[in-house]
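Enquirer: Below, each chain spelled out in residue letters.
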Amino acid sequence: MSILVTPQTRVLVQGITGSFGGRHTQLSLAYGTQIVAGVTPGKGGQSFEGKVPIFDTVGQAIRETGATASAIFVPPPFAADAILEGVDAGLDLVVCITEGIPINDMIKVKRAMEGKRTRLIGPNCPGIVTPGEGEHSQGGCRIGISPGYIHKKGHIGVLSRSGTLTYEAVWQLTCRGVGQSTCVGIGGDPVNGTSHLDVVKLFNEDPDTHGIILIGEIGGSAEEEAADWIRQHGCKPVAGFIAGATAPPGRRMGHAGAIISGGKGTAAAKIAAFRAAGIGIASTPSDMAETLLKMM
Amino acid sequence: MNLHEYQARQLLAQNGVAVPPFEVCDTPERAKVLAEQFLERGAKLIVVKSQIHAGGRGKGVFKSGFQGGVKLCRTADDVFEKAKAMLGNVLVTKQTGPDGRLVRKLLISVAPEIKKELYLAVLLDRSIARPVLMASTEGGVDIEEVAAKTPEKIVKEPIDPAFGLLPYQARKVAAGLGLKGDLINQAAKLFVGVYKTWWECDASLVEINPLCIIALEDGKESLQAVDAKFSLDDNGLFRHPNLQAMRDLGEEAPLEIEASKFNLNYIKLDGSIACLVNGAGLAMATMDIIQHFGGSPANFLDVGGGASQEQVAAAFKIILQDANVKAILVNIFGGIMDCNVIASGVVAAVKETGLKLPLVVRLEGNNVEAGRLTLAQSGLTIISGGSMADAAEKVVRAVQS
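Listed in order, the protein sequences are those of chains C and D.
Going by the numbering used here, the first residue of the first sequence is number 333, and it counts up by one from there.
Going by the numbering used here, the first residue of the second sequence is number 326, and it counts up by one from there.
Source of the hints: derived by calculation from the structure; they are not laboratory data.
Only a predicted model underlies this, so the values are computations on that prediction, with no experimental measurement involved.
C-beta: ideal position from N, C-alpha, C; glycine also.
Treat the hints with care, since some could be wrong.
Said to hold, decoys possible - Okay, the calculated bits of chain D under chain C, using three or more residues with CB under 8 Å as the criterion:
#1 444-458
#2 468-475
#3 481-491
So that you can see chain D by itself, here it is in the shape it has in the complex:
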């Protein structure tokens, strides 16, 4: 599960991480009021940020033609105008795909005077099974590019989960970023707060890009987390009711939400051959073999190890809602699960949905003979696949013919 920037800022602030003063709103009128309050308290510049679960907002374009999902403003009236142009409109960025995302909420924040942009993240290093604090002097840009071109500009500190991020480790990273004077201790406190947020929320990624050195009015410097990206480990969500409440269904694909209600793991893709498979590994491999024979998969769909007739029926309804689908491949290796149960589920689903598209079914495993018989005697035109390869070739041919 992903969070919005404003939610990430709230969680970070609760753990003592310095962030610019901000509020959230969903009307241009409220945006104006918030801007007036910040300006009265001495802010010179206000930033209006579209809240969607995708990066590249600043360079994004609204379907209305309005340029930019992040805008700097000097007056409350300007904030009102920009908010009006963003709210209720669809923003397309390089990460949203052509459909874009509807902007329902805006973050209104003081825009500090930035002297330097840094990068900071906490994530799991799978190779050592430990969290790692990752920082770079190259902030505000794509960290993957930095890693590819100038890996020496990335500082990494592995963290012992028994102790957490220790202050000396945080200072070491701060010094590695070239920070001096009071900023060293400020950074150490901030890094420890970011790690604490990561650990206590069961996050899989907390990324602050940019982490900024900002100029204060008295001429001193300070550190603030100016943007934040936050992904949570879905497996850990059961112990965080507060984070569950932050889920924004408006940011998730409707078919994927529908699938999760039936305990189906569905991910929509761009191709034309839908697949329905048991097991994640076999589901990925089925997508691959469709492509190998010249087709393109319309989805990933794992019905799990113990799929019921109801789940199979629900799965059919979900994949049929994808207008791109031209054919369906069912690939089941019924180790323990009874192939005849799956076959009956397929037959029931085909009858219920009045399926007109070509359907290839490949069954293998427990009670497979009874399952194949059920399909053959159903009176439906179901193409039977022998091996995975045979089934994939047949479904690809069905789409091409």
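So here's chain C without its partners, still in its complex pose:
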């Protein structure tokens, strides 16, 4: 099994006709993902490369194709609206790749999603990959922008805010012959849909996930919350790395959420919380896979 998505998950793409959305739809189709619909308002009735029907609304796309998950590649000014359209249409999962959404828009989205069934991953994230059985993990479900070929089907859950740091961890595992159940990028923004803790719980409940790599970074306290839960409830083996130990306070390090403010959100505090929870600490980002494998 896996978490959040399986190779059977039927996926629609909001913003399929943009260059970014189109390119990654092609890559997902090539990976074997069930991309069943695209949504671009005003382009309903057309088709994406003769393969994927395009609809004007998410609701129409769901009715016609049975899609249950969405990937959003809509530009920042319109992305919050696109998320809420997916929520209103009753999708199980919305994965928002878009970087640069105003924080206040995300505050409104979080408020509007209270009590709704939809889970949001992101925004500003690489997305989700559940590797498949084929060569270079083809036949899996790839929602977002991750490179599919670096994965391998297996039993490690990988969880991070960042894209390339996730790829680094995945590649370290794959190079050692160790596969992944699901890899989730939750995004680098200060307000996001799904937290580290949410994903840790999902991995812990998934019988097919045997160990977890948990990658955090400076800013906020989401890593500490996940660590506290692990300390109190126990969990499968977890190895962790926190990026940003050398970042100066008060400066945003690329990600909108990666900032030490008011003395809060330091790498030192997060590493201490990890240690208190029995999470194996990778002393460098080169040691993430090795640290976990030693614990298993």
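Using the hints provided, position chain D relative to the given structure of chain C.
Expert: Frame of chain C; chain D shown alone:
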């Protein structure tokens, strides 16, 4: 993006927040005229405040030796003298670093008679994904110190973004600060105005420190925002042309401005090993691993997910303008991006800049074999790194040797 105090005061005043009467100027002559006008209208004390994007101005020292970037004056002539000492001079405070900041503008304001200093801020509480109004009876001091030593003196009110700050919530906070009588309603109006400013400007922080209870001439008391700090969410700027116009490039590091023109995310640091990385998380991790092996990073630089040859060339030119740089580490995990494109960009940039410093390149991912071949056949002395750790060790050794 940060704003100057005078810009923050303008925005707050537009939303009904009481601030002391003020004007902005950039010459001592104009400062004197403004002071004369305030004095004629009955002001007893005038404050002259240096406008730079850094705190600690009052205790700062100018490179000329002049003490203090904030001065109280009783006469227009004194305002002229103080303005002359500040304008065009570099002010060093505990937040500016040793380079200090050039003072180009002054805020000239009536200095009210302050009876008590309070603290007020609106910011995002990330743990609940909602704004929070934060207030304290301990104004005029560092709020982080208050939070550490006497957290019970901080009042917090979470705000439902669907409704905004409701008047009863504002009154609750006012009462929590121990305000009485007419000040309760004044505070409620002011708090609602501050929240409205925060929300409508897409601010990430509005901080009023101090928020002052002041004595009026008739013996009554009133509330005024006497200093204001304002940070904006860069992601929200596209919908605020008026706020974009408030950007002061003179307050930003020249190399960071240059980098932003090429869509590069660059932050200058103090170390000697420059790094060029794709992705923010990997860029932070690269800085960390340099330090882990005993080096110190000269910068954060994220070239983004789809870097072009031109961006790589621009990135090289920017990091080479930092005189502290003794070696360069390129760390690319080319998931989708073609490693050979990056390799060609690196080779072109090295040739164009005539690079003499040690360069370690670590490539991984898509089309990596072709990329490594391009580097090897370039005829340049490029040190190849295997893993991140291997590359970091090599670049640190190159600096130490």
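Enquirer: Now tell me if each hint is right for this structure.
Expert: Structure-based check of each hint:
no.	hint	in the structure
1	444-458	holds (count 6)
2	468-475	holds (count 4)
3	481-491	holds (count 3)
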